[in-house]
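One letter stands for each residue in the lines below.
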Amino acid sequence: MDEIKLSAHALNLYFGNKKILKNINIDFPKNQVTSLIGPSGCGKSTLLRSFNRMHDLSPDARIEGTLKLDELDIYDQKNSVTEIRKRIGMVFQKPNPLPKTIYENLSYALNIHKFPKNEIPQLVESALKESYLWEEVKDELKKPAVKLSGGQQQRLCIARTVVLRPEVILMDEPCSALDPISSHKIEELIMILKKNYTIVIVTHNMQQAQRISDKVGFMYLGELVEFDTADNIFKNPANELTKNYVGGHFG
Amino acid sequence: MSIKKREKTDWVLKQLFKATGLVTIGLLGGIFIMLIYNSIAFFANISPIDFFTGAQWDPGSAKGNYSILPLLASTGLVALGSMLIAVPLGIFTAAFLSEFAPSKLQAVLKPIIEMLAAIPSVAIGFLGIVLVGPGIAKIFGIQNGLNALNGSILLAVMALPTIVTISEDAINAVPKSYREASLALGANKWETLFKVTLPAALPGLIAAVMLGLGRALGETMTVLMATGNASAIPRGFLDSVRTITATIAIEMGEVPYRTTHYFALFAIAAVLFLITLSINLLGEFFANRLRKFHA
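Protein sequences appear in the order of chains U and L. Note that the numbering used here gives residue 180 to position 180 of the first sequence, counting from 1, and the numbers run on in steps of one. Numbers given in the numbering used here equal positions in the second sequence, counted from 1, plus 251.
Note that these hints are calculated values from the structure, not bench results. Possibly wrong hints are sitting among the right ones.
No more than 20 Å apart at the CA atoms, straight line, and that leaves these computed lysine to aspartate or glutamate pairs for DMTMM-like [stated by the list, open to error]:
#	chain 1	residue 1	chain 2	residue 2
1	L	Lys440	U	Glu125
2	L	Lys355	U	Glu125
3	L	Lys446	U	Glu104
4	U	Lys147	U	Glu188
5	U	Lys100	U	Asp76
6	U	Lys147	U	Glu135
7	U	Lys30	U	Asp231
8	L	Lys427	U	Asp172
9	U	Lys100	L	Glu442
Bound-form chain U, shown alone:
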């Protein structure tokens, strides 16, 4: 049986009076890639953002249910949200480097979390190497990060997340703003990163989900319709809706 790293139990999420997530129960296995798929507006990104408490920013969001990182209750007010976000990193849909240099984009979080000053350059370098960006940027670490290409920026955002050594990395359609070659590089990177990190990725790209996922969850209208291994979801779906969606009949 897989070891469970991250889980949601009986999760309901409302924006105002509108119920966005309906009784979601899902377990993400450790050091695997789990994809969330489904048509736009089905709640995939909303579910993803529940795990690092990004909904704290929206005053009208209300959450019921239990979300856990190992045995830690993510929404227990005793637990520090900054500590949780350090352990659960996030990569966004559009590359969003900070308006700082390449180096500062990585050192920023290290400084915030009070890593010893003398270790920071080494940590920055190894995170960039791990994200396969080091060779491309090692001579221009002082350049503004926005000067990088879109694909490089997204790998920088991954490096920026990796530098904190999180346990989980949430990725919200990380390739949707990128060209196919850059997307391919990110996919390769994901396959390598899963050895050390638990990865949850939202994607619209069926081929991508098929290539990189160990497990796949199919969501529709705020419900988790089916959750199974990638093989089963794509080749042998149990639910009629899933079958129609992965077959390209709607969505």
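Got chain U; can you put chain L on it based on the hints?
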């Protein structure tokens, strides 16, 4: 017939709008030419060296001392003081409004701050005479509270709406994705504000300060009422001062027409005009950079 007529209306309106635009430019140019023209008449009598280096403004004396320095120092001191108060206050208010205030509080606070701009400067001058000035006298144990500090406090109140409004726009214009990036890395709201949002908004904040400063430098009635009007080079914030604007307002009514004294007032006005113009241009420059930055 109707097409011809419409084209003609079109042409007339076009010329009309062009003319109104040109009037504004013409006014600015006209004021500038008037100031320079009368200043030249002044410098024909008094050397620019005496004007910029002397230590006294005393047109009444037999010799006639026309040095802008005490006035310039007064204007500079009062404006500097007002910015020392208004800049931190304004920027933090703006940051609070856009990042921390619940939307209901925001809806109340914003119009109130903007309403500050609607208070006539004479009324603010009264405030200085009956409240702030005596308060300063009491706190510092001095006879007279009508001094540079008094002026600075009042001008800070007047510059505040400009600084808050423009700073808030600048902070709001910082893309949400920057904040999300910072928060998702485990930074708290304060770290995000000071290390990401405010630095990203910096060009706009500079523009806000410049425009606020322009307001403080040009203000006349408040400083005339509240700063004591002693035309000597001030030694500190507790000295009475007399700004360029107050000097012109006080003396213009009594000066004999087309005398050196009369022209001298135009010369100091020209200096002030050049200072505020360059500060406004600088503010515009930074505001434009902000627009490009977030394009």
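Each hint, compared with the structure:
Restraint check: the Cα-Cα separation between lysine 440(L) and glutamate 125(U) comes to about 27 Å, which exceeds 20 Å; the hinted pair is violated. Proximity of lysine 355(L) to glutamate 125(U) is assessed by CA-CA distance (about 46 Å); at most 20 Å being required, the pair is judged violated. In summary, the hint linking lysine 446(L) to glutamate 104(U) is supported, as the alpha carbons are separated by about 11 Å, within the 20 Å threshold. In summary, the hint linking lysine 147(U) to glutamate 188(U) is not supported, as the alpha carbons are separated by about 23 Å, beyond the 20 Å threshold.
At most 20 Å may separate the alpha-carbon atoms for a hinted pair to count; lysine 100(U) and aspartate 76(U) exceed this at roughly 34 Å. Only pairs whose Cα atoms come within 20 Å are accepted, and lysine 147(U) paired with glutamate 135(U) is accepted, the gap being roughly 16 Å. A C-alpha spacing of about 18 Å is found between lysine 30(U) and aspartate 231(U), which places the hinted pair at or below 20 Å, so the restraint holds. Between lysine 427(L) and aspartate 172(U) the alpha-carbon distance is near 16 Å, which keeps this suggested pair within the 20 Å criterion.
The straight-line distance between the Cα atoms of lysine 100(U) and glutamate 442(L) is roughly 15 Å, inside the 20 Å bound, and the hint therefore holds.
Violated hints, in rising order: 1, 2, 4, 5; the structure is consistent with all others.
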